[in-house]
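Protein chains in written order, with my numbering: chain A, 1 to 508; chain B, 1 to 508.
One should not assume that every hint holds.
Claimed, not checked - Heads up, incomplete: computed chain B residues facing chain A, CB under 10 Å, no partners named: (1) M40; (2) P72; (3) M77; (4) S78; (5) K92; (6) V96; (7) S116; (8) V124; (9) Q152.
Note that these hints are calculated values from the structure, not bench results.
The beta-carbon is built from N, C-alpha and C at its ideal position, and this holds for glycine as well.
Protein chains: 2
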Amino acid sequence: MSKKIESAIKPTREENYPEWYQEVIKAAELAEASPVRGCMVIRPWGWGIWENVQAKLDKMFKDTGHQNAYFPLFIPMSFLEKEASHVQGFAKECAVVTHHRLEAGPDGKLRPAPSSLLEEPLIVRPTSETIIGETYSKWVQSYRDLPILINQWANVVRWEMRPRLFLRTAEFLWQEGHTVHATAEEAMEETMKMLGVYTDFARNTLAIPVIPGEKTAGERFPGAVSTFTIEGMMQDRKALQMGTSHFLGQNFAKASNIKFQDKDGKMLHAWTTSWGVSTRLIGGVIMAHSDDDGLVLPPRVAPKQVMVVPIFREESEKASVFEYCDKLVKEINDVNFADGKVRADVDKRDMRGGDKNWQHIKKGVPIRLEVGPRDMANDSVFMARRDKPHRDKVAVPREQFLKTVTTILDEIQLGLYERALARREAATVEINDAKTFEAFFTPNNPGNPEIHGGLALSHWAEDPKLEAKLAELKVTIRCIPSEGPEEQGKCLFSGKPSTKRAIFAKAY
Amino acid sequence: MSKKIESAIKPTREENYPEWYQEVIKAAELAEASPVRGCMVIRPWGWGIWENVQAKLDKMFKDTGHQNAYFPLFIPMSFLEKEASHVQGFAKECAVVTHHRLEAGPDGKLRPAPSSLLEEPLIVRPTSETIIGETYSKWVQSYRDLPILINQWANVVRWEMRPRLFLRTAEFLWQEGHTVHATAEEAMEETMKMLGVYTDFARNTLAIPVIPGEKTAGERFPGAVSTFTIEGMMQDRKALQMGTSHFLGQNFAKASNIKFQDKDGKMLHAWTTSWGVSTRLIGGVIMAHSDDDGLVLPPRVAPKQVMVVPIFREESEKASVFEYCDKLVKEINDVNFADGKVRADVDKRDMRGGDKNWQHIKKGVPIRLEVGPRDMANDSVFMARRDKPHRDKVAVPREQFLKTVTTILDEIQLGLYERALARREAATVEINDAKTFEAFFTPNNPGNPEIHGGLALSHWAEDPKLEAKLAELKVTIRCIPSEGPEEQGKCLFSGKPSTKRAIFAKAY
Chain A
1 MSKKIESAIK PTREENYPEW YQEVIKAAEL AEASPVRGCM VIRPWGWGIW
51 ENVQAKLDKM FKDTGHQNAY FPLFIPMSFL EKEASHVQGF AKECAVVTHH
101 RLEAGPDGKL RPAPSSLLEE PLIVRPTSET IIGETYSKWV QSYRDLPILI
151 NQWANVVRWE MRPRLFLRTA EFLWQEGHTV HATAEEAMEE TMKMLGVYTD
201 FARNTLAIPV IPGEKTAGER FPGAVSTFTI EGMMQDRKAL QMGTSHFLGQ
251 NFAKASNIKF QDKDGKMLHA WTTSWGVSTR LIGGVIMAHS DDDGLVLPPR
301 VAPKQVMVVP IFREESEKAS VFEYCDKLVK EINDVNFADG KVRADVDKRD
351 MRGGDKNWQH IKKGVPIRLE VGPRDMANDS VFMARRDKPH RDKVAVPREQ
401 FLKTVTTILD EIQLGLYERA LARREAATVE INDAKTFEAF FTPNNPGNPE
451 IHGGLALSHW AEDPKLEAKL AELKVTIRCI PSEGPEEQGK CLFSGKPSTK
501 RAIFAKAY
Chain B
1 MSKKIESAIK PTREENYPEW YQEVIKAAEL AEASPVRGCM VIRPWGWGIW
51 ENVQAKLDKM FKDTGHQNAY FPLFIPMSFL EKEASHVQGF AKECAVVTHH
101 RLEAGPDGKL RPAPSSLLEE PLIVRPTSET IIGETYSKWV QSYRDLPILI
151 NQWANVVRWE MRPRLFLRTA EFLWQEGHTV HATAEEAMEE TMKMLGVYTD
201 FARNTLAIPV IPGEKTAGER FPGAVSTFTI EGMMQDRKAL QMGTSHFLGQ
251 NFAKASNIKF QDKDGKMLHA WTTSWGVSTR LIGGVIMAHS DDDGLVLPPR
301 VAPKQVMVVP IFREESEKAS VFEYCDKLVK EINDVNFADG KVRADVDKRD
351 MRGGDKNWQH IKKGVPIRLE VGPRDMANDS VFMARRDKPH RDKVAVPREQ
401 FLKTVTTILD EIQLGLYERA LARREAATVE INDAKTFEAF FTPNNPGNPE
451 IHGGLALSHW AEDPKLEAKL AELKVTIRCI PSEGPEEQGK CLFSGKPSTK
501 RAIFAKAY
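Chain A on its own, in the form it takes in the complex:
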């Protein structure tokens, strides 16, 4: 390997991508493992990103006619059995509550009180279709009660044997939309509308050029008629499923008995959808944009977009520098950006300016401003951008900075999107024969087997031959892209006819 410029994160992406990911999270103080296996602690900087994700998505949900509500954390075990495919998919690794009291045992230590054994165990929700469906069946009587357009922000639990911060944790936070409609057409329209919301959000807020598309039968949500997804590509060229929208047909309406009387007095089963994104999105943001100096954040989700670092040598200069910085932050915080104001702060901690600067680099703050007595004398700020090399600093008159800060933030936002899109395009290949396909997904770099492949656009058909080959290569069909053209072709492995290419990739 060639000699490298010193980087703040070791190992680098090239050296060891999975470890680089962990180190970025640690250096940015985003999250950490907790004493409870598989559960994470989301630290304030990581939570700040989630707050921005929530605020923007929540607004988009409300703008498309949805309301929020809240349903129970627990699901009676029998509810999971109501929908045949659903039980296969979710009644597996989950947290099972069996007792409702602790008591001191014979050894004086706490134990679950045997007398408090529940008649029916409760499952900590892995997803809420069944418990929400039960409630909806009471709410829906007539066509006048439809549509129901509800979302909930909640924590869910799916036991994980190999947890990975943000990407795969036992407990994670998400939103789950659950809607009920009178017709299949309306339910499908809703499914696609929310896929559109997710696509828009991922592209314009997270700066990730996701590909919307439909999942194949084998990758569907358990119980869904069709599942749609947005797929992002990370810097190791693996795909990340970043959100799903499910057309559930009448499967859950039948399982939960959601029926309504139509205008003609007939009783019909309703049509339902569900859709969700989770804290996994933060993992996507980290992996799509960050570099070997740490986290790189799209301004629209950065908890702080501008960080002011006061610089002074003499203790006597401190008060006036702080005062100038406070005033500056106040001015910046008054500038409109996106749905609110620019988020700026000043770092007054008692530590070296250089150390502070490196912390903010590693935390991915989009714009850093150094302000010392000399800058004050010129009424200017010394500006660095996270999307440029860290030594690349320019003096900008204060007034000019205030006038251009939103343009700079937009530039950074768009630049990150374009950089990610260029990476994705460079790693996307149309592959038309089995041999090339296999080579594409076979590690050929012994020093760094993790990074290889990319997105293969190939023809396919449901067939055991295809399935066997994919299992061998550890490749999955990510989706059949909504935006892809119709095209005649043949499945690479079965030779069966195909009318549209699918995206194949290794994935998280």
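Here the structure of chain A is known, so what remains is to put chain B in place on it, guided by the hints.
Frame of chain A; chain B shown alone:
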């Protein structure tokens, strides 16, 4: 009983207060029981109130220097044993997770897989001091790491045998602040600061004239050195604890080993606090303000503050009335109020105007506007206020309404506060002898035994005699009011000397 004017809620407050409470919740579509015992479904209108509570409190927490983070849902059982008093208080009625997998049993039905039995059971958090303390012990090394000022918005579970919507549910939603400080003084200052935030919030946002004060030893949070509370009085003259702020001393720092090196290099245990409010606040809002026509909401927490009801007789009028209403709502939504804009909406549902009106009355919408062709011709609206009789409607020119809407909302907000304060003052009595005290708390209305008593301000001292009498009367000491004067006196039951009156009441 005297003859009554017809009311929308049956029974009335006078007739049966507990049932009136349930009916108000049902009629306003705030929440309902779920299929999981003790857990509730919070419906969109109820959730909208909680969103407003969250938004305002979250801003107040951030304005006082706090950040949000997120900690695990589960707590290892052994953690509860770390703090001696805490285990007494919380290791009782809780949800115990013992297995992490389901499987089909011999009968084909699901069961917790015996092979997935956890080595150590996990408790669904009833409160998070122990799990957060464990994490803090890793974060805190030096005095430079202090203070830690963190809050989390989360769900918690305390098994409930007699659940009551919002007031006492097995799962509830809350925020819990957890802070760490270098000195006792700073920790106590934080404790009192957050009590102040809660007091301000309850009074100015919820329009409830709460009394801040300190809990007596018997009512303290398990593990706290001192507990402070805000106590509200409901319309049945019972007290409701609406928020608590705890000075935990070094108890949890010792239990979790939170130590720091001070400026002189000495290792010291830190000082911690915790503070929380929950969805119980919504129960308080319902019981403090609502009337026999249903929910009455303080404008600052109302999901919608203005509801426009289009009125038309001919289908041909519909389009122009809707158009006028849409324009009006847009104008109202553009008026600044509190931290944002006025929240207005138009009810275009296909049902009778009168039925719509009654729904919005029962839902507590502060201002209703009826708009029909005649109003349009005059460019005016027909306005009704929820704090006035429902027939009391006035025509207001549209322009004037837009200019005065915030004044009217403020008037309603303040009016609700003053009405609740007058009720509290009328029900607050200084009591100086045991006989009067007993009579005060003894039901004397056989037809309606629930409503009696109120807040008794009396001298007290810790003594078994007092405790026995309170237990007999089902009365508790709510708090020693922060704002009460120092005064010499004697405990009504033990005769021991006392320097300050406490507030005694029956309570939720």
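Quiz item: Can the hint on V96 of chain B be confirmed by a CB-to-CB distance to chain A that is less than 10 Å?
Solution: 4 Å, holds
Quiz prompt | Interface hint for M40 of chain B, Cβ within 10 Å of any Cβ on chain A | solution = 7 Å, holds
Quiz item: Measuring from the C-beta of Q152 of chain B to each C-beta in chain A, is the shortest one below 10 Å?
Solution: 8 Å, holds
Practice problem: Hold the hint about P72 of chain B up to the distance rule: shortest CB distance to chain A must be less than 10 Å. | Solution: 4 Å, holds
Self-check item: Supplied contact hint for M77 of chain B, tested at 10 Å Cβ to chain A
Solution: 5 Å, holds
Quiz item: Does S116 of chain B pass the interface check with chain A, least Cβ-Cβ distance below 10 Å?
Solution: 8 Å, holds
Practice problem: Against chain A, run the beta carbon of S78 of chain B and see if the smallest gap drops under 10 Å. | Solution: 8 Å, holds
Quiz item: Would the stated hint for V124 of chain B survive a check requiring a Cβ distance to chain A of less than 10 Å?
Solution: It holds, given that the least Cβ distance between V124 of chain B and chain A is near 7 Å, below 10 Å.
Quiz item: Taking the least C-beta to C-beta distance, is K92 of chain B closer than 10 Å to chain A?
Solution: 6 Å, holds
Checked against the numbered hints above, the structure violates none of them.
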